[in-house]
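Student: Keeping their order, the protein sequence lines are chains A and B. Quick note on numbering: the first sequence equals residues 1 to 124 in our numbering. Quick note on numbering: the second sequence equals residues 1001 to 1132 in our numbering.
Derived by calculation from the structure, the hints in this document are not laboratory data. Don't take each hint at face value.
Restraint-style ranges between C-beta atoms, simulated for each label pair [unchecked claim]:
(1) B:G1099 / A:G107: 26 to 32 Å
(2) A:S46 / B:A1116: 35 to 41 Å
(3) A:T20 / B:A1079: 30 to 36 Å
(4) B:A1075 / A:N14: 35 to 41 Å
(5) B:A1117 / A:V19: 40 to 46 Å
(6) B:G1064 / A:N34: 25 to 31 Å
(7) B:T1102 / A:A67: 34 to 40 Å
(8) B:W1040 / A:N14: 31 to 37 Å
(9) A:G15 / B:S1015: 18 to 24 Å
(10) A:S25 / B:A1079: 22 to 28 Å
(11) B:N1051 / A:S46: 33 to 39 Å
(12) B:A1117 / A:A67: 32 to 38 Å
Beta carbons: idealized from backbone N, C-alpha and C, even for Gly.
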Amino acid sequence: MPSVLNVDTLVAANGTDPVTLTKQSAAKIFERHNASHSLDSSFGVSSITDEGVGQTTVTYLNALSSATQIISGSAGNNDTNECVITTTAAVANTTTTHYYAVADSGGSYRDRAVNATLVHGDLA
Amino acid sequence: MASILKVDELRGIASAGDITITSEGGAATQSLQQGLIKAWRKYTCVTTTANTDSFNFSSITDNGTGDTSHNFSTAMGNATYTIMHNTQYATFSGYTNTGTLTTAAFRTGVFNSSVAAVDVEHNFVHIAGDLA
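Extracted from the complex, chain A is given alone in its bound form (with noise of 0.2 Å):
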């Protein structure tokens, strides 16, 4: 018969520190937005600024330990003019926050009906 261990928390032998199973591995942020930024789904996500057409700010609920964290995205529409998301230089990434851009081919900003981020690294 397989074990089934009931808990609410886990953490390290030391009381504190978090355990290697959800070390570095888990997602600590991820957000889904549509075309008007509002918010579809969210997860450690304190808000989302609109920064004019296709551009956004994510801010986080908890900080991460620092501003080097990885950002993965996806957007799309209901036609076939589809996007890409980049980060941009001209706005740094913190350590509460990251910034995203959706772009046509041709390099114009837009506004999709499903823009998604998705963030791993460390929390502080």
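For chain A, the structure is supplied; the task is to place chain B on it using the hints.
Tutor: Leaving out everything else, chain B in the frame of chain A:
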């Protein structure tokens, strides 16, 4: 010496699907379940559309050039989950036909710089959100 707990399944006490973990720096806590990737897949569209490797995906459907439907093994809890879709050099990609995005499946498209649909060898998907 590091302690090792051997167990096949973890459940929360107050709620089976809610276990809290401590951040790396010790300054915060967050849900273990919500931070886990719920599905991932690598697939190819060259010659035939086929799954290369995956987790929590069942079938894959070729809808046409660069146009693919992905079906989950275990459904998501809602249709607002987060999809990351990436492809190889010189292409870009994302959701298509968002009206077909459901708790059981979604659809993606891959295009070249001229916005023409293309089939490419390397396609990557990550899904974050709540499982049913």
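Student: Name the hints, by number, that the structure is in violation of.
Tutor: none
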